[in-house]
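Novice: In case you want the letters, here they are:
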Amino acid sequence: MKKILIVDDEPNIVMSLEYSFKKKNFEVYIARDGNEALQIAVDKTPDVVLLDIMMPNVDGYETLKQIKNNNTLKNTKVVFLSAKNKATDIEKGLQLGADKYLTKPFSVKKLVSEINDLLQ
Amino acid sequence: MNNYFLISIIIAYLACLFFIAFWAEKNSKSKWVNNPYIYVLSLAVYCSAWTYYGSVGIASQSGISFLTIYLGPVISLPLWILVMRKIIRISKQHKISSIADFISLRYGNSRFLGALVTMICVFGIVPYISLQLKAISETFEIITDETSYISTSVLDDSTFYIAVLLAIFVAFFGTQATDASQRRKGIMTTVAVESILKLIFFLIAGIYVTFFLFDGTTDIYQKASQLENFKAITSFNGLEAGFNWMFTIMLSFFAIFLLPRQFHVAVVENDREKYLKKAIWLFPLYLLLFNVFVIFIAWAGNLSLPGAVNHDYYTLLLPLQNNNLALATLVFFGGFSAVISMVVVSTLALSTMLSNNLIIPYGFLDKFIKGNPQKNANYIKNIRRISIFSLIIIAYFFYINFSYELSLFSIGLISFVVIAQLAPSFFIGLFWNRGSAKAAKTGMIIGTLMVIYTLILPFVFNVLTGNNTFVEKGLFGIELLKPYQFLGIDFLSPEAHAFFWSMFLNTFSFLVISIRSKGNYRERNYAEMFVNSSNYTNLQDGAYVWKGEAYVSDIRNVLNRFLGEERTERALHLFNLKYGISKEEEMADARLINFSEKLLTGSIGSASARILISSVAKEQPVSLLEVLKILEESKETIAVNKVLKEKSDELTQLTEQLRNANSELLEQDRLKDEFLDTIAHELKTPITSIKAASEVLTDEESMPDELRNKFLENIVIDADRLARLIHDILDFEKLSGGREYLEIQPNPMHGTIKKAIMGVHQIAQNKGIKVEYQNDVLINASYDEDRMLQVLTNLLSNALKFTEPNTGIITIATQDKKHQIEVAVADNGKGIPKEDMKYIFDKFYQSKYQNIKKPIGSGLGLAISKKIVESHRGTIWIDKKYKTGARVVFTIPK
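For the record, the sequence lines run as chains L and V.
Note that the first sequence ends on residue 119 in numbering that gives the first Met the number 0; no numbers are left out.
Note that the second sequence ends on residue 893 in numbering that gives the first Met the number 0; no numbers are left out.
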């Protein structure tokens, strides 16, 4: 079973994502900010992390850096999921080492299939 | 007192003066030497022995008429700011070193006029100097109790030696520089010191006489009023006396400008124009102090010394009569100081005039053209030194031979009347550009001849014939030609009479000739520069119109002779730099001619400078019309340049403003972008949520009802959030743009607060949080109630958000201040972190430290509240001192 960690501070969005991934047989973990996300990631080594950027305490960029610095998470894919849709924001996200950058609002169906593709 | 003892003191005193002068020359940059007080005190050279002794003599015989001599200067001083400043500016610009230079330059650099002014001054001042020497000699006799031995031999007379010492002093400190327009700090400092001494010693004598010999002023008055001539000397004798007063005041008014020594201290030695501001009140004060005790000393003298021959010396005789030798000595030295400063400055000024305006232009120019710079400088200095010695020696012999009978006062007045002959050409020439050289010469000559006829001849005839027929019968026995009652005017004193007639004829001929004949172009050129001096200060050397041919190398040669090569090169270099002229330029233009004349003027006088320069320049005559046209043109060029400069400055300013406006706009634009970005982000979040939930719902038909309802509920909540967000954004924009019209009217604040509390009552109760309203009293203020409710509700909601359920307490308090009311909302929650305080009122700022759970707010609540409070002209802030939770305070004016 694939493991996915969803990191977002918007509970309603998280709820829809959680439901959809569970339906596709993902093991779903949820974090509400960067700190929590890192803890869970180290603990569960998910295959993919869905990462929001604008979050309280530790933001998405910082979280990505820490994931990339962690040896145990070498194989973990990171996908940004953000409302920031300017070209500069996207470039910055990819440069930091994200595997994908998806903008909000997104289609849940498409998101799920893209994550599946990424994990193939 | 033993006369050798007195002579030793005199020598010691003179040695002190030498030392002070020496020190001041050496420290000529020190602030002790360069200050307005030295300037004002040097003006007090006006108070000579005539003031020191003569005033008392006059006061004892003719009452308060001695005051006229001081009223003129006092009346003139307010005018100084206008007139004297103009004179000083012109003089500095043209390197003028004496009044002869000033007048000669005004009338087109006229050599003859400079010489004429010099002769009139020498004629007027030498007797005056001799009077000063007389005062020394007589007071010396009084204090040493020696009988006169002047008649026996010159070499026995101590006055002679004092005169020689003074000549050495002036020659030494007065001719340090060849350029006579340079300041003599040494001499001026000693003059200032002497001005202090003479005033203090005279005041001491006055106090001694008034309060020690008598019982104060009332005592003297009462005793003096018993004297038989008291009424005569204290009353004012009708219209005739009025005329005498008026003429004497006018006389002294002119004298303060025209006396060579006054022109020298006030103009040539002036360092800064702003000193005039001090002078216009300090100098009258000095004169006032000097005259306070005059009348009392005079009365006291009349009372105590009924047999005294010479009333002038009451100040000295009174202490002597009471055996107060020490005080008498002080008085003697006060008078001595007055004499020395007058003699020193007068001979200095006269010697400069003699050398620069008479001797050099009429005899030595050829010699100078051949000589080398060092030799020339020595020649010039020697001419001045010889002039100084000659002047003092002539004054001394004049005193020995003529001045026994005359009082200080009368010779002083004669001197004033002579000098006053310069007044029409000087004053009118300063403000009327038609005044011409011919007119000035004629006026001065006629005026001076009239003075000789009405004042000098009677005296001469008296000495020659031993009788008074000339005065009593008139010339050739013609009644109308009586010197003291010319054309039957018989009610004036001789001096006032002479002044009236000479001044009348002088002014009349000056005006008539000026109107009837135009001066040549050069005169007109200088007239223009003097009269409208303020117009031409910008033009500087360009204000001088000159046409002709001259080689720079020739001019350089002439300058070399006087300034030496080094100074000449430096001066020409500066000149080229100033006007952007190439070093290679061979031909000289008008500016260089003018510049070179100015350079020479200080050393040899303006007339000689002109003659020298024209000897190497082929000048073409320019018509008067042309002069005026050229002047007008250069004035216009300057004006146009000025306008251009102003325009350019304006443009620079505008550009700067535009640049600022642009960067302001860019900043606004950036802020707007940022704002839109943030809005987009904020809007996307609920939309994402709604979209995701809807998608999930659409795809899943088999979803349990409970979950489906949850999703639906979420959609509703997010839709609400979206709506609220949009509303807040629009509201904030409206408030920011100032487009929102506030319905400000008097409202009861406590009522509004209660309404706000009611609004959140339900939520508070559900969470178990207490909302307390302290000091519930009636306070009225003017505000828009809906908006105020919005602010209060927002603050209360924030407080509810950040306090713990069940233990939370929120308090609202109001305070009625003088012009405003203060409302505070406090809670006992976890407070606001320090880092947030600065930004908490920014739009969309949400604390990093808030609960993980997203708050329901739009992020605009406090920003909107701030806008509302500010549009009520109030302020809102976080109370940083409040430690037990958060406290937000705002004020609005009543």
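Note that these hints are calculated values from the structure, not bench results.
As the structure is a computational prediction, the values presented were derived from the model and not from experiment.
Ideal placement from N, C-alpha and C gives every residue a C-beta, glycine not left out.
There may be inaccurate statements among the hints.
[Unchecked claim] Examples of chain V residues toward chain L, derived with CB under 10 Å:
| no. | residue |
| --- | --- |
| 1 | Val163 |
| 2 | Leu164 |
| 3 | Asn322 |
| 4 | Lys517 |
| 5 | Asn519 |
| 6 | Glu681 |
| 7 | Pro685 |
| 8 | Ala691 |
| 9 | Ala692 |
| 10 | Glu694 |
| 11 | Asp698 |
| 12 | Asn713 |
| 13 | Ile716 |
[What the hints assert, rightly or not] Pair ranges (Cβ atoms, derived):
| no. | chain 1 | residue 1 | chain 2 | residue 2 | range |
| --- | --- | --- | --- | --- | --- |
| 14 | L | Leu93 | V | Ile686 | 20 to 26 Å |
| 15 | L | Leu93 | V | Leu670 | 35 to 41 Å |
| 16 | V | His760 | L | Asp42 | 26 to 32 Å |
| 17 | L | Asn68 | V | His760 | 23 to 29 Å |
| 18 | L | Leu93 | V | His818 | 56 to 62 Å |
| 19 | L | Asn68 | V | Glu705 | 29 to 35 Å |
| 20 | V | Lys837 | L | Asn68 | 30 to 36 Å |
| 21 | L | Asn115 | V | Ser735 | 31 to 37 Å |
| 22 | L | Glu26 | V | His760 | 43 to 49 Å |
| 23 | V | Asn659 | L | Leu93 | 37 to 43 Å |
| 24 | L | Asn115 | V | Gln761 | 43 to 49 Å |
| 25 | V | Glu666 | L | Asp98 | 48 to 54 Å |
| 26 | V | Pro804 | L | Leu93 | 40 to 46 Å |
| 27 | L | Ala86 | V | Gln764 | 48 to 54 Å |
[What the hints assert, rightly or not] Quick look at which bits of chain L chain V covers, simulated, 3 or more residues with Cβ under 8 Å:
| no. | region |
| --- | --- |
| 28 | 16-26 |
| 29 | 86-93 |
| 30 | 103-109 |
Novice: Each hint should be assessed against the structure and marked as holding or not.
Specialist: Against the structure, the hints come out as follows:
no., hint, verdict
1, Val163, "violated (97 Å)"
2, Leu164, "violated (94 Å)"
3, Asn322, "violated (105 Å)"
4, Lys517, "violated (84 Å)"
5, Asn519, "violated (83 Å)"
6, Glu681, "holds (8 Å)"
7, Pro685, "holds (8 Å)"
8, Ala691, "holds (4 Å)"
9, Ala692, "holds (5 Å)"
10, Glu694, "holds (5 Å)"
11, Asp698, "holds (7 Å)"
12, Asn713, "holds (4 Å)"
13, Ile716, "holds (7 Å)"
14, L:Leu93 to V:Ile686: 20 to 26 Å, "holds (24 Å)"
15, L:Leu93 to V:Leu670: 35 to 41 Å, "violated (28 Å)"
16, V:His760 to L:Asp42: 26 to 32 Å, "violated (45 Å)"
17, L:Asn68 to V:His760: 23 to 29 Å, "violated (51 Å)"
18, L:Leu93 to V:His818: 56 to 62 Å, "holds (59 Å)"
19, L:Asn68 to V:Glu705: 29 to 35 Å, "violated (42 Å)"
20, V:Lys837 to L:Asn68: 30 to 36 Å, "holds (32 Å)"
21, L:Asn115 to V:Ser735: 31 to 37 Å, "violated (47 Å)"
22, L:Glu26 to V:His760: 43 to 49 Å, "holds (46 Å)"
23, V:Asn659 to L:Leu93: 37 to 43 Å, "holds (39 Å)"
24, L:Asn115 to V:Gln761: 43 to 49 Å, "holds (47 Å)"
25, V:Glu666 to L:Asp98: 48 to 54 Å, "violated (38 Å)"
26, V:Pro804 to L:Leu93: 40 to 46 Å, "holds (44 Å)"
27, L:Ala86 to V:Gln764: 48 to 54 Å, "holds (50 Å)"
28, 16-26, "holds (count 4)"
29, 86-93, "violated (count 0)"
30, 103-109, "holds (count 6)"
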